[in-house]
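Enquirer: In case you want the letters, here they are:
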Amino acid sequence: MTLAVRVIPCLDVDAGRVVKGVNFVDLRDAGDPVEMARVYDAEGADELTFLDITASSDARATTYDVVSTTAEQVFIPLTVGGGIRTVDDVDRLLRAGADKVGVNTAALQRPELIAEIAERFGNQVLVLSVDARRADDQPSGFEVTTHGGRRSAGRDAIAWVRTATELGIGEVLLNSMDADGTRDGFDLAMIRAARAVTHVPLIASGGAGTPQHFCDAVDAGADALLAASVFHFGVLTVGDVKEALRAAGHVVRATSAR
Amino acid sequence: MAPGVAVLDYGSGNLRSAVRALERAGADVTLTSDFDTALGADGLVVPGVGAYAACMQGLRSVRGEWVIGRRLAGGRPVLGICVGMQILFETGIEHGVTTPGCGEWPGTVERIEADIVPHMGWNTVDVADGSTLFDGIDDERFYFVHSYGVRRWELEEPNPAMPARVTWTSYAGDRFVAAVENGPLSATQFHPEKSGDAGAALLRNWVTSLS
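Protein chains in written order, with the UniProt record's numbering: chain A, 1 to 258; chain B, 1 to 211.
No false leads were slipped in.
Chain B stretches covered by chain A per the calculated footprint, using a threshold of three residues with CB under 8 Å from any CB of chain A:
1. 14-23
2. 40-52
3. 119-127
4. 145-154
5. 157-171
6. 192-200
Worth flagging that the hints you see were computed from the coordinates, not collected in a lab.
Note that CB positions come from ideal geometry on N, CA and C, so glycine has one too.
Build out the structure end to end from the sequences listed, making use of the hints.
Expert: Below you can see the structure in the form of C-alpha cells.
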C-alpha cells in the first residue's frame, strides 16, 4: 500500500468568478468555479484549491457561496486560500465546506496564528502557503515574498518553513515566484531545500509546463503537485500528468471510469 | 422511504460535505446536536476532525458518548468517521496527553511513525473478509488525513453474533486500522465523504444497510 502522489488544480477566484481560465470545450461557463471544479473532479483531480483573490471584503461573501456550492457537488478535498487573517475566517470557511485553508501573509505577520488555528481545528486543516524566490542574501538562497511576489518579506523561505512546521502546520504549499507562469519546470532546488527541513507533506507549485516537470518535482521530494494555467488553458489534462507519473514509476489514483 | 440519518454536530469543522454525501447515498439527513434526534434516527454518523481531547470535550457537551452507547445497546447503527472513529476506542494519546475515549473498543490511538506526517492523501486498504461496507469497492483508494492511528486491534474474542471485521491500511511501513465493522458499530479512519465515487459507494453500502 502506497500513498498516491496528488495532482491538484488551482483556481483563482475573484468575486465568485474564475479568472484566467479557459479553453474548455463543452463547458457552458468556464468562469463558474463550481463547474470548473466538476470538470477537474471528473478528470481525476485528487484535490482542488481555490485561491481567493477578491480585493474588497464586501465581495468576500461570494467566496463562501462558491465554497459551499462546490462542497455540495464535488466530493474531493477542497482547500481555500487568500485573505485569511483570523481563526474566525478559518471557522467560516470550514463551515462553508472547505476542508483545509491556506494561510500566507497573516502567518508571516503574526506566527501565533498558526498555533491558534491548529489548536482549534487540528493542524491538518492548515496549509502554509509560501511564495518564495531566489535571493542570494538569504542563507538558504531563497526568500519569502508577499503581494504576489512583488515584495520581499525580508525572510529566509526555508527557515520560515522550518519554523512554521514547529508551530504546527499540516502541510506546505511551496510556490516558486521565479518559475510561476514560465512553464519551464518547478524550482527543484527549492523543493529539495524545503523537503529537508519539514516533516509535513509538501505541495510543489509554480512552473509546470510538461508532464515530465511533474515527475521531476516528485523526484525532488514533493508529495503533491499544484498547477493552474496548464490545466486552465488545456495545455495538459490531469489525466496526462497522472499517466506520465505512472509511467515514471510513481503511484497515482486511477481516474474512475464514468 | 429513505432511511433517516442524523449527523452529530458537536463542534466546528466541515460537516456540509458529510451531509451532502449521505444525501447523495440515499439518506434523509439531519444535522443535529439534539440528544433525542440523534438517538431516534435510523443511523447516526459521528464525524470528527482536530485534536482527540477537543473532540471528546465537544462530544461530551452534547452527551454524544451516551447517545452512542444507548444506540448500540439497542442495536442501532452508528458510523464514526476519522476522529469520530478514534474516539470510539479506549484511549487517545496526543502530545503526551492521555485522554479517555468512549471505550466501545479496547485500544489506543497513537502517533503515526513515518517520515512525513500527517498521512495525507489517497491510499488503498486491505479489506476484511466478509465486509459489507466495502462491497464492490475493495480495489479503490480512499482519502486519509490524520497524524494518529490505531496500530493494534485488541478486541481478541468478539462475540460470535457480532464479528469484528477490521480493514487495514499501511503507510511508510506503519500499519493501522482503516475501518471497523462490528455489529451495529462501524467506523472509518478515512473520509468517505471526501473519497469521490469510492467513498460514495461506501456510504451507499452503509445507508442501504439501515433499511
